[in-house]
Amino acid sequence: MQAPATPKSQTAPIRPKARVTRRSVLIADRVADWTIRIGGLAIILAVFGIMIFLLQVAIPLFLGASVTGHFQRDIANGAGNPRFVAVDEYNTVGILIGDDGRVSAFHLPTGAALTVNNLDFGGGVATAASRTLDWRDMAFGFADGHVRFARLDPTAGVIAGDSLPPGLTRLANGDSTDGKVVYAAAPGGQYRRIGVGVATDAAQPIAEGAAIVAIDYRVGGTIERPSRAFVTVDSKGVVRLSSAETRMNLLTGAARTTITTATLPPLPVGTQVARVLLTANADQAYVADAGGTVYRYDTRNLNAPVLAETVDLLPRDARLSAFGFLIGEQSLMVAGTDGTVAGYFRLQRESASTGDGYRLIRAHDLEPHAAAVTGFGASQRGKMFVTGTADGLWIRHGTSEQTLLKLSHAESAGGRHVLLSPRDDGVFAFGGDGKVDFWRVSIPHPETTLKTIFGQVWYEGYSEPGYTWQSSAGTDSFEAKLSLIPLIFGTIKGTVYALLFAVPVALLAAIYTSEFLNRRARSVVKPAMEMMASLPSVVLGFIAALILAPIVETWIAAVILAVVVVPLSLLVAAHLWQILPIDWALRLDGVPKLLMIFATVALGVYLATLLGPAFEYVFFAGDFRAWVNGSTGRATPFLFILLFPVSFLAAQLAAERLDLPWLRAIADRTRKDGVVAMLRWLVLLTGSAAIAYGIAEILAALGADLRGGVVGTYVQRNTLIVAFAMGFAVIPIIYTIAEDALNSVPEHLRAASLACGGTPWQTATRVILPTAMSGVFAGIMVGMGRAVGETMIVVMAAGNTPILDWNVFNGLRALSANIAVELPESVKDGTLYRTLFLAALTLFVMTFVINTAAEMIRQRFRKRAFQL
Amino acid sequence: MATVARSIQPDESGTVYHVRAGAEGTVIDVDGFNLFYGKKQALFDITFSVPRGLVCALIGPSGCGKSTLLRCLNRMNDLIDDVTINGDMRIEGHDLYGPGVDVIALRKRMGMVFQKPNPFPMSIFENVVYPLRIDGVRDRNVLEETCERALKGAALWDEAKDRLKESALGLSGGQQQRLCIARAIAADPEVLLMDEPCSALDPIATSKIEELIDELKGRYTIIIVTHNMQQAARVSDNTAFMYLGRLIEFGETEILFTAPKVTKTLDYVTGRFG
Numbered sequence: 013m014q015a016p017a018t019p020k021s022q023t024a025p026i027r028p029k030a031r032v033t034r035r036s037v038l039i040a041d042r043v044a045d046w047t048i049r050i051g052g053l054a055i056i057l058a059v060f061g062i063m064i065f066l067l068q069v070a071i072p073l074f075l076g077a078s079v080t081g082h083f084q085r086d087i088a089n090g091a092g093n094p095r096f097v098a099v100d101e102y103n104t105v106g107i108l109i110g111d112d113g114r115v116s117a118f119h120l121p122t123g124a125a126l127t128v129n130n131l132d133f134g135g136g137v138a139t140a141a142s143r144t145l146d147w148r149d150m151a152f153g154f155a156d157g158h159v160r161f162a163r164l165d166p167t168a169g170v171i172a173g174d175s176l177p178p179g180l181t182r183l184a185n186g187d188s189t190d191g192k193v194v195y196a197a198a199p200g201g202q203y204r205r206i207g208v209g210v211a212t213d214a215a216q217p218i219a220e221g222a223a224i225v226a227i228d229y230r231v232g233g234t235i236e237r238p239s240r241a242f243v244t245v246d247s248k249g250v251v252r253l254s255s256a257e258t259r260m261n262l263l264t265g266a267a268r269t270t271i272t273t274a275t276l277p278p279l280p281v282g283t284q285v286a287r288v289l290l291t292a293n294a295d296q297a298y299v300a301d302a303g304g305t306v307y308r309y310d311t312r313n314l315n316a317p318v319l320a321e322t323v324d325l326l327p328r329d330a331r332l333s334a335f336g337f338l339i340g341e342q343s344l345m346v347a348g349t350d351g352t353v354a355g356y357f358r359l360q361r362e363s364a365s366t367g368d369g370y371r372l373i374r375a376h377d378l379e380p381h382a383a384a385v386t387g388f389g390a391s392q393r394g395k396m397f398v399t400g401t402a403d404g405l406w407i408r409h410g411t412s413e414q415t416l417l418k419l420s421h422a423e424s425a426g427g428r429h430v431l432l433s434p435r436d437d438g439v440f441a442f443g444g445d446g447k448v449d450f451w452r453v454s455i456p457h458p459e460t461t462l463k464t465i466f467g468q469v470w471y472e473g474y475s476e477p478g479y480t481w482q483s484s485a486g487t488d489s490f491e492a493k494l495s496l497i498p499l500i501f502g503t504i505k506g507t508v509y510a511l512l513f514a515v516p517v518a519l520l521a522a523i524y525t526s527e528f529l530n531r532r533a534r535s536v537v538k539p540a541m542e543m544m545a546s547l548p549s550v551v552l553g554f555i556a557a558l559i560l561a562p563i564v565e566t567w568i569a570a571v572i573l574a575v576v577v578v579p580l581s582l583l584v585a586a587h588l589w590q591i592l593p594i595d596w597a598l599r600l601d602g603v604p605k606l607l608m609i610f611a612t613v614a615l616g617v618y619l620a621t622l623l624g625p626a627f628e629y630v631f632f633a634g635d636f637r638a639w640v641n642g643s644t645g646r647a648t649p650f651l652f653i654l655l656f657p658v659s660f661l662a663a664q665l666a667a668e669r670l671d672l673p674w675l676r677a678i679a680d681r682t683r684k685d686g687v688v689a690m691l692r693w694l695v696l697l698t699g700s701a702a703i704a705y706g707i708a709e710i711l712a713a714l715g716a717d718l719r720g721g722v723v724g725t726y727v728q729r730n731t732l733i734v735a736f737a738m739g740f741a742v743i744p745i746i747y748t749i750a751e752d753a754l755n756s757v758p759e760h761l762r763a764a765s766l767a768c769g770g771t772p773w774q775t776a777t778r779v780i781l782p783t784a785m786s787g788v789f790a791g792i793m794v795g796m797g798r799a800v801g802e803t804m805i806v807v808m809a810a811g812n813t814p815i816l817d818w819n820v821f822n823g824l825r826a827l828s829a830n831i832a833v834e835l836p837e838s839v840k841d842g843t844l845y846r847t848l849f850l851a852a853l854t855l856f857v858m859t860f861v862i863n864t865a866a867e868m869i870r871q872r873f874r875k876r877a878f879q880l
Numbered sequence: 004m005a006t007v008a009r010s011i012q013p014d015e016s017g018t019v020y021h022v023r024a025g026a027e028g029t030v031i032d033v034d035g036f037n038l039f040y041g042k043k044q045a046l047f048d049i050t051f052s053v054p055r056g057l058v059c060a061l062i063g064p065s066g067c068g069k070s071t072l073l074r075c076l077n078r079m080n081d082l083i084d085d086v087t088i089n090g091d092m093r094i095e096g097h098d099l100y101g102p103g104v105d106v107i108a109l110r111k112r113m114g115m116v117f118q119k120p121n122p123f124p125m126s127i128f129e130n131v132v133y134p135l136r137i138d139g140v141r142d143r144n145v146l147e148e149t150c151e152r153a154l155k156g157a158a159l160w161d162e163a164k165d166r167l168k169e170s171a172l173g174l175s176g177g178q179q180q181r182l183c184i185a186r187a188i189a190a191d192p193e194v195l196l197m198d199e200p201c202s203a204l205d206p207i208a209t210s211k212i213e214e215l216i217d218e219l220k221g222r223y224t225i226i227i228v229t230h231n232m233q234q235a236a237r238v239s240d241n242t243a244f245m246y247l248g249r250l251i252e253f254g255e256t257e258i259l260f261t262a263p264k265v266t267k268t269l270d271y272v273t274g275r276f277g
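Chains as they are written, first to last, in this note's numbering: chain D, 13 to 880; chain S, 4 to 277.
Be aware that one or more of the hints could be misleading.
[Unchecked claim] Keeping only pairs whose Cα atoms sit at most 25 angstroms apart, straight-line, the calculated PhoX-like set for lysine-lysine is:
1. S/Lys211 with S/Lys164
2. D/Lys875 with S/Lys119
3. S/Lys119 with S/Lys42
These aren't lab readings, by the way, just hints derived from the structure by calculation.
So that you can see chain S by itself, here it is in the shape it has in the complex (with noise of 0.2 angstroms):
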């Protein structure tokens, strides 16, 4: 399935494409985008189109805007004040800071994992269903069906159907994060978010959700960012190196991380800096 759409073409913001492409076209399509945190640009003339069904990684040192870069996927740099963004950012199509656009609606179609495990304070259960208990559904057959198909997705079933009702909070720092990757995938939505998903666990815990990620992978797409280059190399299908606000470089993972087109890259993935 692995062909390569556009390859070594640097385009005028200096970024080189050699994205393998989905067999289904693309998810989302960024073009110009620009994010100020007050007078200070944080993301510079950012374009890209992920395709669909497929995982892509975001890499990068420390600050250099990936994180930024995936909360505006899913409007969450809304809650951050004095922030102003430029440039066209677009979800199958439809344009996600146009006016009208519906922001609880638009989360709902992408799901999101954070760095940290954040579970609800409730019973796996609540945790799990919270999207749609948010949408109204009272259904208990509905709930409990949900449950179980979230829960599965997210290989955490077995280790969970026995304890449905007990606390969230009383699972170990792995299982909380497949349980938010459960809770994400409840509502359905076309994309996963994931910020540095493993960044807080050990790596037992971190392998299950590398593996989690490849059975996701080709039902949703998958946008992760990470700080860890092997796991970039072993999970994802394209990456995406960012430097200092700026895509230096998106492509096949492969291409990526052995013959990086440009030099900054190469530097980074072999660990001169970063």
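Just chain D, same shape as in the assembly (with noise of 0.2 angstroms):
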């Protein structure tokens, strides 16, 4: 070929280029995605795991008891009907004995009969007997009018295995006997050596020649000088109490009982008494007639006793079947032969017309049975108690009313003794027709139901129902209060005083920094207040609790001077800075304009500590803690506190509508806009002073008083303190988030609101602010969020006190917080940790609930603003 190369044969041939991704970026394409995909839904996961494992935790609170096993014996009892049953710890004996002293003890597994003393009655037949709530202590009144003691111990211990002794009969089940002692295998190779002995005191004599037809029987005191008392109603209807002091002589070893007794105002003629209770520091003594009426003595002063009421707990047709403690003596319980099962306290009323200023009220009304009641069995542990009728017995719970379990025991012809084993682990009925059932039960949280976690319960001792937390006590025979609403309404105080106090001053902080201040005092501004979120909370509650508390405590009314003053130095402050020369007030923007501000604050607040004594004389008269208690002054100050900001506002308002044509007029003419407008500002301070004064006066006459409602009785660490303390740790965030949603409304709307005319605040108010709002509301949120989940600030600087009061001065106890302080106390598992992982459950399903709402307000918010 001749040709000169054409241009296109100089250049390579145009082909298509394979136009293919390459392979290592699809893959990484992919990769990410996947990454990403299931990054987002571990995370959901995650929480969704949280929430399940909380609620794996908390629900066994809600689920009642269960059996675990049941088995019946056929006892061979000599004794006919048995004065008491008793079961020993281990469920391993049980123990019958009979009014004419026998006692008859068998292997309850079993039901192999073991050889046991007697009581030795001198050939008597009790007529009365009673025994303390641990069955130990008995006491027996007999025809002639003694009274006699036994004690009955099931003697527990645990041998090793190769110290055994020999010759043992084995049972059934694997235990082993020598016909009087029961040996059970426990763990690690050892064996649990299970006995009864039993003993008896010598009869004293107690009512001449009337036989003892009821007595109740406690004892307190220590093991060396125990204090016995002991009540008694003979067949003549004289009621009797007595204490008996047994001295033992340590040279001899010999006993000696003394017995003091008081004879109590007598019963009405003809009374049939089924009953008598004694407390167990004898001060009280109740006696129960067949038909319900109890006459309760209040035996406080001995060598006065008082009949100080009667009072008829049944309805007139039902007749008393049982009638008995809780462990803790404060509850009473009663059944009748109409089913009625009710728990009565007895509490100091105003209108108690008896002798004491005591009442018995009925408090609890627990599910009644459709037959008559006929056993009752009240728990060693706790405020469980069964009750029994011909055809079942039930397991109940005084404090919670619920019924946990229901047992039918068809075959065994009646439920005349039911007991809870010691342990609450079994449920005993002996039914007099020589049958024994036994069941096995299982009822780890009998306390808790939705009504005692989320609803009013009376517990003992209260005047009426309540929400109420005390996890814990000294006392064995306490009552677990574990009421959430307290602790949520801890939280919900606790946040809404510390966004009272924050959300103000951190969006005004953040509308200032963003549309006011220059961009060079801005880029200082916004990274000094991020640095505060920086500050640990438990920091932060700490100089709460140790320092601020006690400086607010003792300059109390200079704080709330400072709530006023504050806000109108800087009022103050800005009409001054109006009234300087447009050149000066040129020269010291910036930098010097911000420090004068906080100069102004710094007065402010040194204005307020210098007033606050002459504040609180003449607003507090003289002493703001007992003002607060309402001791003395008067309501009007702390109504116009609250009412002046308010009626300054509406004044403003009002001021705006209304133009001065004259007043603009001077203005025009002196050229002195500033000096104009401060006058007319004081004008308007004064006159809504004025107002509001007047306003709070009208109120105060009316009736209106704030304390003991948002005011009160003034604790150290209180919501005041926390609020301070949760606002400084929430402040930054609301500022961060609002200050950026403001600041990321785009220039030209600035710009437009500016050219045409509006100035800097009205541009900020009705554009800038509008349209950034569901960024400003986020930010709220998200602060509301951290005040709802904060923990150490509340623990350290909120008194911890779980109380319903609004009361800015008292303190609180936040869900939070009470995890924290309590989580390291509870046994894993029981009641309390349940609870607390209850509270973590319900703590999570609020902040879930305010976010979700944020969210759906925050959209509608965005929409508006940018749909509309």
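Dock chain one against chain two, each of which comes alone in its own frame, and use the hints as you go.
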């Protein structure tokens, strides 16, 4: 080919390039896609996982009880219908005690009889008997008016496997016995030796020539010097309260018992006494007749006992079938032949027409039985008890009023003797026909229901039902009060007060930095504010509790005054700034102006401390703490302080509408706009103060008094301190997010408003803030979420008092703080432990609901701002 | 009405003037105006007067200072830190930068329309009456009357009268820009400043705005910054050509586009640079 190469052939031939994306790019894209997807799903799963975990721990609180085993034995019982039935701690040996003093014991799981000593009644047959709650001490009354004390000791000890005595008989369930004592295998190759010991004291004469028909017996004091008290009713209807003191001669070992007896005021003639009860310190005696009428004696002064109260506890046609205390002797359980089961408290009542100012109040109504109640047995560890009827027995809880378990024992003829075994893990029913029913039960959380946790419960010693949190106390008979309501309330209260303080400060600060501060000052202020957020909350709480709280306590009047004086001094400073010549103002703009604002705030604080005592003297009768208690002063001052800002704002708004041409004319003529505006402002201020005072006076005259409401008794660690400290933690968060939102409003909107002749303030409030509302709101919500979950500040500064009280000068206990404080002392899987998990779940749900609601509101703001 | 008042008269700053004067004198008088961003000078010794009731266009290549000059007229440059100015700038004889000037009141006399339509995220009605709202006008009748007048003035009434309560952001770009014009004229200003009002709009919307400018002429003095020389030629009576912060030539539009007195202007309007 001759021709010079054409341009086409000079370059490489254009061939369609393979437009294929490289494999590595595709793979990277895929990997990123899946990583992000899996990551997101994992986060959602983790959140749900936490929720499910919390639920799984908390749910058993509401599951009732379960039966883990049941057996029935026929006991060849010579004693006929026994007086007492008992079982040892390990549910191994059952014991029956007859009225003639015969004791028969048997191996519970197999029914094998054991040989036990009898009680020495000297041939007598008891006509009345009583025993203490732990079944160990018994008192018997006899037809001749004598009383004998006896002790029952189910002895239990652990012995090593190799020291097992020889010649034991093996029982069907693997236990061994020598005929008297049962050896049951215990963990670790050891054996538990369980026997029954009894002891009887000498007879003591109480009632001369009259049979004792009812007796109740309580033991107190120490083991060396037990003090025993018992109340008896004889066949003549004489009620006696006796106390027995036994002194042991340390040399001879002989015990000498002295008994002092007081006769109580007589019962009405013909009273058929069914049961008597005595409290452990012998200050109250209750005599119940067969019809359910109770005679309550106040025996605090043994020299002058009084019949304090006579009250009918049962419906007219019902007869009393059970009458006894729950542990702690505060709850008096009454059951009748009509199936009624009710709990009574002895409570002080203003209106009580009784001898001692107390009355028996029906506090708990439990699910009634369909048939007559025949048996009653109280737990030795809690407020549980069991009631038996002819066709079943129910395990109930006195506080929560719930029926935990319903057991039927069709083959057993009746439920005359029902009892909960000492560890609350078994129920024992003896029907009187020689048949014994025993159920092994598991009742992990008898005291919790949805109602006890979220509803009002009437606790022992409380004058009315209420929401109470008190998870532990010093005594065994303590009733756990596990209402989450005071804690939820505490969380809400702390959050509300913290936000009341934080939101205005944070939002105004955000608007100021975003709209008014020049760029240079802003670049200093914003990081400084953000640094506040990095302060650990434990440090904040520590400072609040140990430094701020005492200072505020000392300077409380000044602190309240500062709330008014600091904004006022800023307003005054702003007016003075207006008066400043324009070139001065321009020269001082920026950082010097900012410093002057700080100086003004400082000056305001100084003024407040200076004027504090005078303020306290004028407004709060010289003593703020006495004033909030309601003991001195009038309601007007605080109402005035609250109304003043409101009336001032209202006056300001009204004045804005009001166009005063003459004022404008003066301003134009004198060319002193600033001075005129300031004078106008001062007039407004004094005017609105006068109006606020007038309204406060009228409201006070109408009976409005905030004491007892949002203000009240002052305690050092209070919600005000929490609000300050938590505000300090929350302000930077709200500030940063709100400032970013305001700042991200497009500049052209700002320009448009300013070009229309809007002032920066008008621009901020009418254009910037509404446009940025979703972001600002998000900031507030994030701050709120922080406040709701905040733990250390509330733990340290809030006083941790779980009370339902809006009083800003009182403490609070938040859910989070409660978890932090109590989890270390709770037993794993115990009721408190699970309740704390429920508290965690509640907190979780609260923040979840708040965040969801916030997001929905935020979306609406967003829509309104961008679509309308 | 067209009379050449000051023709071919290169002054000391080198600006060439051949301005068509209005019937009623001048509104804005600028004399020896300099502006610095920090240490950098952006405007050099600007001197010109804007005749009342006419349309004056500012043209020039990017960065020549025409928007800066426009923003000086209603002191929007105050919003930028570190701006210093000297020289004299007056509206109706009042010094714009003198001590004690009420900037807020000043801006009310100078309506401004921006390059990008910037309606507020509010209803159409609220957008238009915004200048009255911030003045504290609450009388519903006054607001409605003003709204109608302004929307009619901005040739938007027919399109918007049934949707006054709807968001302004639902309008098309051209409608939004006319809404901004309506907002600017609702306050009844003396001067309308337009900063490239059509640069973000399509040709149809642009022609509508241009028609509108034609209608508004006479009632308001309009100063319009534009990149589009055809537009300047179409809508304005006088045109100022700026280059590197200096006012090169200021005069009657026809002359400036057909027979400019300065070579630089000729080069620019014929597209040799810029």
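Results for each hint:
1. S/Lys211 with S/Lys164: Given pair S/Lys211, S/Lys164 holds - Cα atoms ~18 angstroms apart, limit 25 angstroms.
2. D/Lys875 with S/Lys119: Holds, because 22 angstroms separates the two Cα atoms, which is no more than 25 angstroms.
3. S/Lys119 with S/Lys42: Judged against 25 angstroms, a Cα distance of about 29 angstroms means the pair is violated.
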